[in-house]
Amino acid sequence: MSQLREISAARLLDGISGVSAALGACVMGLMAVHVVTDVAFRYFAGFSLAGTTEIVSRYYMVTLIFLPLAYVQRKGQHIDASLLADLLSPRFQVLLGCLSAALMALYATLIGWRAATEALRATEISEKIQTADYFLLAWPARWIPVLAMALVVAISIIELATHAYRFWNWKRLGRTDVSNDFERVTPI
Amino acid sequence: MSSLAIGFTGVGVILLLIALRVPIGLSLGLVAFFGIAAITNFNIALSVLSLVPFETAASWELSAIPMFLLMGTLAFHSGLTTALFEAARLWLGRFPGGLAVATNFACAGFAAASGSSLATTLTMGRIALPEMKRNGYDMGLATGVVASAGTLGSLIPPSVLMILIGVFAQTSILKLFIAGVVPGLLSALAFATMIMVRVKLRPSLAPHGDVDVSFRQKLAATGGIWPLPLLVIGVIGGIYGGIVTATEAGAFGAALTFLVALVQGKLNWGVLKSSFWGALVGTASIFFIVIGAVLLTRFMAFSGLPAFLASIMSDGGITQVGVIVIAALTYFVLGMFLDPLGLLFLTLPVMLPVFKSVGLDLTLVGVLIVKFVEIGLMTPPVGLNVFAVKSLVGKEVSLGQIFRGVGWFLAVDIVVIALLVAFPEITLLLPRLMGL
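In the order they appear, the protein sequences are chains A and B.
Each residue of the first sequence is one higher than the last, beginning at 1 in the numbering used here.
Each residue of the second sequence is one higher than the last, beginning at 1001 in the numbering used here.
Excised from the complex, chain B in its bound form (with noise of 0.2 angstroms):
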């Protein structure tokens, strides 16, 4: 068998172990350690292995990680989620749709204290489904709604994904971050747009609530989200203002964090212990993968099967918009049956050779990429965030309502990712802007 044979085949017995419920870092690594044995030889092999879990963990640049997912789950342990929808519902209640508008934007809000796209569905799920069902809103939209603003956690800065991407492209970090802001918030204003034209064209999707509020009133609400800005100029301002790295930013922002919810008087044994167990969780399952798809990336690159691919498409004349439409359905195909990271590392080390060839913009494909990714989130039967939503609605919603809910969302979607594709600038600007 040749290299390439050899790599296709890789990909495949992978794709046959994933399917059949095996972890996804132990089919990545495991298959890659013998492909490479099958192409080269064992003693290579071993040697790769001897080398690849080691480094890879002990590696100053991931670091943030673990980082910034113990700043996620202290700033959801601490309450700054049931705080931040409060004041979104006062401020936006009286908009058709309100309380899903509300939802949305404080998904927004928290996925700029969060990395993760999960852990911003299943919080805010848990104050806002039942609030959205007390006032008799259709469960296809509530639901819809939060699995589909939960994806902005991973869009908005910080970004567990960004992270990894910049780290394997060996692209900025900080450029990425950035350049994830008004993607973000283009998407958060897409989808409160279409949710008040669905209810201003069939109210009955979201009866009017009763949100005769004082200013007042919402002036308090706003105070109680203070720790939301501290946080964010906290991190973005600490590494632009060149205090902290963008590595150090996820200590930096998991302090402050800490000193928050110290100052609150919301730190108790019980907070501390849940966040720091489901950091560590977090961590050392995403690192397991991460250390397999190094070994992926070692495997393909033996194979030859990327620069194959590249010559393909270099070949076959095809400009960058078609490498991203290829890329964007092989990520919709893939994502379908494959969880963010598992879909991410099968990929990066096979696509990333592929759109340097063609001379994209890296930053531009990071943030593509989350948006990609962030898609398989949504789409059946695998749709990560829909299956959080349906842990929470329990027997009362059909995952079918569910779905269909999304659909709504990931519409719009489409139509944000082809604007990203089309002008390039909505993402590149800002971090040109700001010199990066």
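Looking at chain A on its own, in the form it has when it is part of the complex (with noise of 0.2 angstroms):
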């Protein structure tokens, strides 16, 4: 009963990462025609859509960097280099598996922990910034990395448990799944 409790919520967690990182998709499209559209402007009628800059910088690209974070880390798709690890025997490299999703855990909540501090202060002064013609809403930007963030470590604190289950259960559970083998597209 409490593995399936546990499974349910692990798909809730990967339903909500895959949800946000589409949202992350959407912006992305969103960015290209608002750039371009604020080009053509410029071009042809002779003047800019006030803020693109801004809108870009604030809220599309936080969106995109933030959002899909836990999604990659689902995936298994985190840039790393695997030399010395690949070494040892499949049942350390599990162990290194809870290594890396603990200190991830402590690495977004610190994050996440400043950055809603960050978030709290600008909500209290209704934060903006001064575009060329107008003043732009920027703290509700500001709670973008705060969400993505306790989703990482939300997802990382599963990862932390299943990592430690197998490590404990390993003659039990054999040594066939260990493989992480997701096919990793590396972006450079």
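Keep in mind the hints are simulated off the structure, nothing from the lab.
Being a predicted model, the structure only gives us computed values, none of them experimental.
Virtual Cβ for every residue (Gly too), placed ideally from N, Cα, C.
Careful, some of the hints might be misleading.
Derived list of chain B stretches under chain A, where covered just means 3 residues or more per stretch with a C-beta under 8 angstroms from a C-beta of chain A [what the hints assert, rightly or not]: (1) 1019-1030; (2) 1061-1071; (3) 1275-1289; (4) 1334-1341.
Some, not all, of what chain A presents toward chain B, calculated at C-beta under 8 angstroms [said to hold, decoys possible]: (5) Leu23; (6) Ala25; (7) Ala32.
Two independent chains are provided; combine them into the complex using the hints.
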């Protein structure tokens, strides 16, 4: 029963991280359209869409970088180099998975906590930034990393639990299902 | 412990964590955070952490990266690579090792639409490797050319690596782009020459194929690559003509590629989905490292390590060329173990102040760094381009065989780098002629 609950919690998180990544993809499309429209207006009509730079950097970039992070982690797409690790025994590699998951939980907690402090401050003063024509509401964007880091922390804890479970029940589970072979696409 | 000692320890711990397969961005960021805390105090480290992740992501200049990645994935998924290889094959097929030469130049061509080496290798390898195998090519040569020519992806503009270097070194991205053109073409020509000479000396490497094609066929195939010049002229011409900035060029290029695919009738939901998904995952994983790298830069500044190294160099009377040689060796050694981004961002925070202190031209440095980083993609034991090729050929060709095939290209690359260092004008002339 408890295992069932755990699985459904993991599935729910998978779902949320997938949706937030999809949101990131939509924002990426929006960003392309927005920038090109701005260029077109400037070139043909002689004026720019005010605030493009600010909206692109503060909203689009922050969204499309932070929101997919949980998904990227879940799919094993973070960039790593596995030189020494490959030489170790499979069981020890599972332990390394614990290490990564624990460190990621710590890192994301730290970033998320600091981001939340910043977001609260920005929300209290109703942070705005000045564009060429108007003041752009800036504080909502501050909450995006908070949300994203919370997801990463949750995913990391689940990964930590899974890896630890595997490590302790090594003999019973056998060594067959340690493989973490996702097709990885390194972008550079 | 002195700040300097903490700095050195930090770099050591980062390397250890990376060796233990901790994601690179996580290793950089977490160690940097605790490093800053150890040198100053926790409050300062926390305040750095409050600012850096958000401010790094919220960058207008770096918004070119997701857009150029999208341009590359769109170009790939809409089949531009197939047309390129086909045209190169028909034109160059009659040369010794014609298919390998064609692959090499098709990679150079695709590099003009793609900002990434690995993508170029994977894309071109899928098409070229089966073709070379069918023609009885030596698989060491076949895999070698795909793994090596793929590195042109980062040298020939647009280039994600150059955008990152430009932003970190605070030097003009457009100038870097333009400066990469001649070294990129020079590398491609040098690779092609090496292939032809080798095949001439050992014809068994590449049996002469049946490439009796009429001029009309060649022209028809060339017609199929019309999107490429359009994209190149659109993007580079757009920047140079002042219509778009180097930052906006990414979105412009992505939109242009989208339109081309639409006109060619190659756009469907599947293509769109894979393109966006690839670019998105690429962006997030790159920026996760970039955030760690910015934190590392702060940590390094607090530790005084880069200044220390710079003073050693200047006290030791080391010349500009000496610094470049030391950098090349560092990149070569670290490049064996790190992927390009890890390598770039572990070294930039330490090396940039050193380059600046001896008065090296940062545009030249940028192009050389790209070249150095790319060599890391080809060297064992962690040569990502080699692994990418390996994933395409499966068990048929051993890693050792691929590395041996790549070895020839590596030797050529070293000659090219020596030329670039000996004659900075190769790199700097074109930007100067264009008034940059």
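These are the hints, each one checked on the structure:
1. With a cut-off of 8 angstroms between beta carbons, the region 1019-1030 of chain B has 10 residues touching chain A; three or more are needed, and the interface restraint holds.
2. Only residues whose beta carbon comes within less than 8 angstroms of a beta carbon in chain A count, and the region 1061-1071 of chain B has 6; three or more means the coverage holds.
3. Taking a C-beta to C-beta cut-off of 8 angstroms, the region 1275-1289 of chain B contributes 14 residues in contact with chain A, enough for the three needed, and the coverage statement holds.
4. Under a criterion of three residues with beta carbons nearer than 8 angstroms to beta carbons of chain A, the stated coverage of the region 1334-1341 of chain B is upheld, 5 such residues being counted.
5. The beta carbon of A:Leu23 comes no nearer than 10 angstroms to any beta carbon in chain B, farther than 8 angstroms, and the hint placing it at the interface is violated.
6. Among the interface hints, the one on A:Ala25 holds; its C-beta lies about 4 angstroms from the nearest C-beta in chain B, closer than the 8 angstroms criterion.
7. At its closest, the beta carbon of A:Ala32 sits 5 angstroms from a beta carbon of chain B; the interface hint therefore holds under the 8 angstroms criterion.
Hint violations for this structure: number 5 only, all remaining hints satisfied.
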